[in-house]
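Sequences listed follow chains F and A, in order.
What the first sequence shows, in my numbering, is residues 1 to 303, in sequence order.
What the second sequence shows, in my numbering, is residues 1 to 245, in sequence order.
There is no bait here: all hints are sound.
List of simulated lysine to aspartate or glutamate pairs, EDC-like, C-alpha gap at most 20 Å:
#1 A:K41 - F:D278
#2 A:K227 - F:D84
#3 A:K3 - F:E29
#4 F:K203 - A:E205
#5 A:K3 - F:D35
#6 F:K203 - A:D18
#7 F:K203 - A:E73
#8 A:K68 - F:E62
#9 A:K227 - F:E29
#10 A:K127 - A:E143
#11 A:K227 - F:D50
#12 A:K74 - F:D201
#13 F:K88 - A:D232
#14 F:K115 - F:D79
Since the hints were derived computationally from the structure, they do not count as laboratory data.
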Amino acid sequence: MADMKVNLCGIELDNPVIPSSGTFGYGYEFAELYDINMLGTFSFKGTTRDPRFGNPTPRIAECTSGLINAVGLQNPGVDAVISDELPKLEKVFHKPVIANVSGFSVDDYVYSCEKLDKCPQVGWLEVNVSCPNVHGGGMSFGTMPESAAEVTRAVKAVTTKPVFIKLTPNVTDIVSIAKACEEAGADGISLINTMLGMRIDLKTRKPVVANTMGGFSGPAVFPVAVRMVYQVSNAVKIPVMGIGGVSSAENVIEMMLAGATAVQVGAANLVNPYVCRDIVNDLPKVMEKYNIASLKDIIGGLR
Amino acid sequence: MMKQVFFEIIENSPLRADVMRLRLRGDCSAIERAGQFVNIKVEGQFLRRPLSVCDVDVDVLTVCYQIKGHGTEKLAAMQSGTLDLLTGLGNGFDKSLAGDRPLLIGGGMGFTPMYILAKELISMGKKPTVILGFNTKSEVIYEHEFKALGADVTVCTADGSYGEKGFVTDVMEGLDYSHFYTCGPEAMFKAICDLSKTSGQCSFEARMGCGFGACMGCSCETLYGTKRICKDGPVLMKEEIIWPT
Numbered sequence: 001m002a003d004m005k006v007n008l009c010g011i012e013l014d015n016p017v018i019p020s021s022g023t024f025g026y027g028y029e030f031a032e033l034y035d036i037n038m039l040g041t042f043s044f045k046g047t048t049r050d051p052r053f054g055n056p057t058p059r060i061a062e063c064t065s066g067l068i069n070a071v072g073l074q075n076p077g078v079d080a081v082i083s084d085e086l087p088k089l090e091k092v093f094h095k096p097v098i099a100n101v102s103g104f105s106v107d108d109y110v111y112s113c114e115k116l117d118k119c120p121q122v123g124w125l126e127v128n129v130s131c132p133n134v135h136g137g138g139m140s141f142g143t144m145p146e147s148a149a150e151v152t153r154a155v156k157a158v159t160t161k162p163v164f165i166k167l168t169p170n171v172t173d174i175v176s177i178a179k180a181c182e183e184a185g186a187d188g189i190s191l192i193n194t195m196l197g198m199r200i201d202l203k204t205r206k207p208v209v210a211n212t213m214g215g216f217s218g219p220a221v222f223p224v225a226v227r228m229v230y231q232v233s234n235a236v237k238i239p240v241m242g243i244g245g246v247s248s249a250e251n252v253i254e255m256m257l258a259g260a261t262a263v264q265v266g267a268a269n270l271v272n273p274y275v276c277r278d279i280v281n282d283l284p285k286v287m288e289k290y291n292i293a294s295l296k297d298i299i300g301g302l303r
Numbered sequence: 001m002m003k004q005v006f007f008e009i010i011e012n013s014p015l016r017a018d019v020m021r022l023r024l025r026g027d028c029s030a031i032e033r034a035g036q037f038v039n040i041k042v043e044g045q046f047l048r049r050p051l052s053v054c055d056v057d058v059d060v061l062t063v064c065y066q067i068k069g070h071g072t073e074k075l076a077a078m079q080s081g082t083l084d085l086l087t088g089l090g091n092g093f094d095k096s097l098a099g100d101r102p103l104l105i106g107g108g109m110g111f112t113p114m115y116i117l118a119k120e121l122i123s124m125g126k127k128p129t130v131i132l133g134f135n136t137k138s139e140v141i142y143e144h145e146f147k148a149l150g151a152d153v154t155v156c157t158a159d160g161s162y163g164e165k166g167f168v169t170d171v172m173e174g175l176d177y178s179h180f181y182t183c184g185p186e187a188m189f190k191a192i193c194d195l196s197k198t199s200g201q202c203s204f205e206a207r208m209g210c211g212f213g214a215c216m217g218c219s220c221e222t223l224y225g226t227k228r229i230c231k232d233g234p235v236l237m238k239e240e241i242i243w244p245t
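Based on the sequences and whatever the hints tell you, model everything.
Here you go:
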């Protein structure tokens, strides 16, 4: 019997497969398609202090083996998430969920995390530090160890649940940023967020997305994600959630060998809404093929 | 509700140089209303291609599409085989508002969902009037298919090379109707909504990510709140549309 269980900061997951934030809404849309309780858990749509419409459209550009999105954190705001979205989710999902939080100032993060920390459905907080810091010249919090650590410390001071910091790959030295978050008290690291990308329409000679640039994700970024998960998991003692281009059970195992304790699936959900169900179903036979009895034994098991 | 279905290609042939009619055999049970769409996986493309349903006949699905880019070029080259579709997407038209004499207006490729809508309205005993607008004679397609349904059809071309000369609104101006339905360019929607004396419904096109409401790629603001064209649309009521300024 294949043992797919992993432990993520004291909470046992039935399996390490986790739909990532922004590709799974608040879960209940996918619950119409299959029983989402078969998932390890999922990370809900990036939530901010205030409601956001997001960026102008078009927001999506097709790429080779992936897509660019410039959605711009469209969400109803943390209060509506707690009053409207979580009760809808509660009816269809009976496991702890990952609350993904974004902000444009340290105060924003503190405000949203403090509120979500009090929700019994929330098992972990995942803090997206890829957003621009409006009080810091617009640079993303996640591009410098000091600002990433500042957000981490501030969120840890107002929360009791495990806090994962979700890092942007658009940096010179991912390891120094991950270590700064660990030292500031982070319970785990999620990586990678999308890579900054751009496409141009040859007919109009304009960028395809209205925002000019956007986040590139999909199978094309998988090797970059594996590399960064490997680098970070070797440098920190806290667990790492591997994200980036995962679309098969084999990819999950590769990510875990690189050092991931759990694995998120993002862009693939948008093309095949059943992909996470299929990955969970495929894992036992792929484990058998590679002589893996227990997934937790292969975490960081690169030879 | 959305359903993933693998369809067999039974026809993929040109209606004109740049427009194809694709007929597929498979389970159409998730397609419940005119105005819904399907999202087709094309080999070698990452994102699916959302295409409006033109007709459903038991287990045969028809979509018509313009060859516009890499995805539709590859799709047009497929003469046989199996296609992976997400079916039953979008809200579709609300036929309960049609009244006895609904007006259906297709601009260019916008004829597509008007065909299945006309068919469904006629089967309900309604008497739809159809206006099909094109730029010029060489673009005119599907006129005979609409006439074969028994609909009252007027074709117009902007340059007057076929049918009535002018825009769909020029034809619309003299008509009596109980409600309107339209699909085509957004500038045409604006002109129709400004001219119309009744309520109506417009089926929008958008650059989508997923096509089923997960990615927020095709959101728009309406007077009834933020909507996803793929999930809460593609059909919006005239009264809720916020026009670009």
